[in-house]
Amino acid sequence: MKTLITIFFIILIQSAEAFTLNNSATLTFNKNEVKVNIGAPAGRSCQNLGVDENELLSIVSDAVDQYWNRAPTSRLKLRAGSVKSVTAAFGTDEICVQGTSCTPNSALAVDSDILIVCNGDTNNLNFSTPGVLAITVPNNISGKSILGSLIMINDKGTNQFKYKSRDEKISIIAHEIGHAFGLGHSPVKDSLMYYATVNMRKFLGADDIDGISYLYPKQQPVTCGSVDTTGDSTGNKNPNTWLGLLIGFIFIALVNQLRYLKLRPRF
Amino acid sequence: MQNTKYPIVLLILCFFSSMALGYTYDASLSVGNLCEYIGKIQTDENGATNSCEFNPYLSASMEVPLTNQFFVSPEAGFSFPKKGRDENISKMSLFLLANTKYKWNFFYLIGGAGFYFTRISAGGGTEELNNGNSTSAFPLPEGAVYSRNFILNAGLGFDFAKNVSADLHTYIFNLLKSEDRAFSILVNGTYHFGEL
Chain A
1 MKTLITIFFI ILIQSAEAFT LNNSATLTFN KNEVKVNIGA PAGRSCQNLG VDENELLSIV
61 SDAVDQYWNR APTSRLKLRA GSVKSVTAAF GTDEICVQGT SCTPNSALAV DSDILIVCNG
121 DTNNLNFSTP GVLAITVPNN ISGKSILGSL IMINDKGTNQ FKYKSRDEKI SIIAHEIGHA
181 FGLGHSPVKD SLMYYATVNM RKFLGADDID GISYLYPKQQ PVTCGSVDTT GDSTGNKNPN
241 TWLGLLIGFI FIALVNQLRY LKLRPRF
Chain B
1001 MQNTKYPIVL LILCFFSSMA LGYTYDASLS VGNLCEYIGK IQTDENGATN SCEFNPYLSA
1061 SMEVPLTNQF FVSPEAGFSF PKKGRDENIS KMSLFLLANT KYKWNFFYLI GGAGFYFTRI
1121 SAGGGTEELN NGNSTSAFPL PEGAVYSRNF ILNAGLGFDF AKNVSADLHT YIFNLLKSED
1181 RAFSILVNGT YHFGEL
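Chains A and B, in that order, give the protein sequences.
Per the working numbering, the first sequence runs over residues 1 to 267.
Per the working numbering, the second sequence runs over residues 1001 to 1196.
In short, the hints are calculated from the structure, not lab data.
Since this is a predicted model, take the numbers as computed values, not measurements.
In this text, a Cβ means the ideal position worked out from N, Cα and C, and glycines have one as well.
Heads up, some of the hints might be wrong.
[Stated by the list, open to error] Listed next, the in silico DSS-like pairs over lysine-lysine satisfying Cα-Cα at most 25 Å (straight line):
(1) B:Lys-1083 with A:Lys-189
(2) B:Lys-1177 with A:Lys-35
(3) A:Lys-77 with B:Lys-1177
(4) A:Lys-31 with B:Lys-1177
(5) A:Lys-162 with A:Lys-84
(6) A:Lys-35 with A:Lys-144
(7) A:Lys-31 with A:Lys-144
(8) A:Lys-202 with A:Lys-77
(9) A:Lys-77 with A:Lys-156
(10) A:Lys-202 with B:Lys-1083
(11) A:Lys-162 with A:Lys-144
(12) A:Lys-35 with A:Lys-77
(13) A:Lys-164 with A:Lys-202
(14) A:Lys-202 with B:Lys-1103
(15) B:Lys-1177 with A:Lys-189
(16) A:Lys-144 with A:Lys-189
(17) A:Lys-77 with A:Lys-31
(18) A:Lys-84 with A:Lys-156
(19) A:Lys-35 with A:Lys-202
(20) A:Lys-84 with A:Lys-35
(21) A:Lys-202 with A:Lys-189
[As the list claims (entries may be wrong)] Stretch-level coverage of chain A by chain B, calculated; a stretch enters the list once three of its residues show a Cβ under 8 Å from a Cβ in chain B:
(22) 20-28
(23) 117-124
(24) 128-139
(25) 178-189
(26) 204-210
Pulled out of the complex, with its shape left as it was, chain A reads as follows:
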């Protein structure tokens, strides 16, 4: 691979407009709809969060609907997926290989989409302090595409996530999902991607909308929304130029017919 990709190990601490990216290669999912699943590690469910996997999935649903899916200029749609069984390592192991800036732990590679797991951090390598609420790494990459991203929520006994209100949990999960699809932090407090949480988070900030639109720009069709001329559902671009030209020429023909009407100039 010609491009050296640096993936950032991004963490959100509890006190969690120009957007930044979470990697140096502008990695994105190569599809328009991405599922956010909850992982249930074998033999270890969410023990210390105060919510179980199903409640976490409900929070995910609210997070994507209240925040990211509202961006009017982005084509990316995030959907709450399902609770999936994963290996026990997801509940205990470190997200990055020890001793590296963040080489993703290959044992935790996510096959597709986004996976959220509760992690007890057995070796104390993921969450340096109780205030670190979650960490996210796109950990399955092919070329410039993200195949899968992993979000780990701090499920140690000392975690601060459990003390958050439901609205705060929603915004925390939404923030991590932002990292999972390619965004870094924002320097502006009113942005969801600000590094720390704020008390009254309700909507995306301008930076957030710019960021998701930069990575996943909407490319809407030209036929009043009834016919998708921009490609198939996998995001492949195959513009139907002939349909557009046909519509254009019909329009010209109609206007030509109107030239015989009596005209009244403005002046």
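For this one, chain A is given, so just place chain B on it according to the hints.
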């Protein structure tokens, strides 16, 4: 940069279709303010949302009469590039619309459709930002990207004088999808140059 050739072809066709009449009545130039995505963006840490920010735009249009009261009015415009609160990111909007106008004396209703392009650009590099208990150098995007929305336009206007009018436009994004539906409001003053 995403492929923008397709809508540009359509725009050219729209202009040619206007020219097919053999007349070009009234070219005009508008200056106004564009209020983007009203009520959709959080503007402070207390949960307030946006209303209208200073975001000037310029547009040019033609007005071609089809009947005594009904006009076709293709329009092209852009908002001035702005940096926002971070100088690393620049943003501007461009729009190409096929409007119609229905006039009663000095008032007129506006309806139309077209494309709304949002251009977001940055020069690359990194920005040092907080990340957990320390800081990291986060990459900034490099290059420009355009998003393209098909929008509907509804509005009204008033002819103040022979050469001067004022319009209020509402741009409707994603009309059929409630989750990302959005509205932008534009107010402008227009100078009419008359028949070309």
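Compare the structure with the hints numbered earlier in the document and write down the numbers of the violated ones, lowest to highest. Hints 9, 11, 14, 15, 16, 23 are the ones this structure does not satisfy, whereas the remaining hints hold.
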